[in-house]
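Visitor: Sequence:
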Amino acid sequence: MTDNFTARPASTAARTTPPGSLARGAAPSQQSACWHLFLLTLKRQFFSRQTLVALSLSALSCVIIMAWSRHPDPDARKFAEQIVVPLYVVFLMPILAICYGSSVIGGEREDGTLIYLLMSPIPRPWVYTIKFLAGNVLVAGWSLSALLLMCLLGGASGRDVLPVFFSACLLGSIGYSGLFLGLGVLFRHGTIISLAYWFFLEVLFGNMPGIIKRVSVAYYVRCMVYDAGSAFDIGPRGRVARETFLAISGQAAAQILSLGIAVLFLVGLVSFWRREFRDLN
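Note that the sequence shown covers residues 1178 to 1458 in the working numbering.
No lab work stands behind these hints, which were simulated from the structure alone. Heads up, a few of these hints could be off.
[To be verified] Quick list of the computed label-pair ranges, beta carbon to beta carbon:
#1 L1347 / H1213: 24 to 30 Å
#2 I1292 / L1329: 40 to 46 Å
#3 N1384 / V1230: 21 to 27 Å
#4 L1229 / N1384: 27 to 33 Å
#5 W1212 / L1381: 38 to 44 Å
#6 N1384 / A1244: 20 to 26 Å
[To be verified] Heads up, simulated SDA-like pairs for lysine to any residue below, C-alpha to C-alpha not over 25 Å straight-line:
#7 K1220 / P1300
#8 K1220 / L1446
#9 K1220 / L1372
#10 K1220 / L1326
#11 K1255 / L1330
#12 K1220 / L1295
#13 K1255 / L1339
#14 K1255 / L1234
#15 K1220 / L1310
#16 K1220 / L1325
#17 K1220 / S1233
Just so it is clear, the structure is predicted and the values come from calculations on it, not from any experiment. Think of the CB as a built atom: it goes at the ideal place given N, C-alpha and C, for glycine as much as any other residue.
Modelling step: build the complete structure from the supplied sequences, incorporating the hints.
Guide: Dropping the structure here:
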């Protein structure tokens, strides 16, 4: 009996496959993998001990604001000078950035899970870019949420300064996030290095006279805050204080900080792309 089945030649089967279909099929798979990594990073960082630290510090800041609001004659200028700059810009914003920025890659590195990212089909530059975006979302989201809550607890004084300082605080939180994310790539214990940087360069050097304070992110955020809050008459008081602080315009500070964010992103990207992580074993 003759077999009625006729096998199709391999060349004919190959011709039935549209050209480029494999590449088109791989692109959505790559995109879905990147999107999954972005969501996984957000979920892993949010449900972590970093969130407990962020909640504790935010709650402590809110308690301080509630105590401050009981003082007689609170106004927007006092709220900006006594709450926004010393409590939020100098303290809470960088600490929140350390919690999430330094651990986005540094936490994977210390937990030993970074090797799985390096072995994944996602290219290293894409991995770093996704981590960078996820870190910025977390840091900016937490920072702006904390600022919103603090301003609401501050009453009318806080509500007056919220729209004025929103953009400066957003740019500052992204700057801190990019800085501490890069430190997490360059150094083994990124969180410890980030804390040391914050204490020495942001706190100590940031309060020294002269131009040495310009190595700190807080200096540029304060310049933007002072410029935006000029209607509230905030800023260094007295001739000596002004000459010691040496403020620049808010527009110049925003441009320098934006350029710094781009440079930090490129430095971290190249370092993550080219570096051999020999401590993953």
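Visitor: Hints broken by the structure, by number, lowest first?
Guide: Of the numbered hints, all hold.
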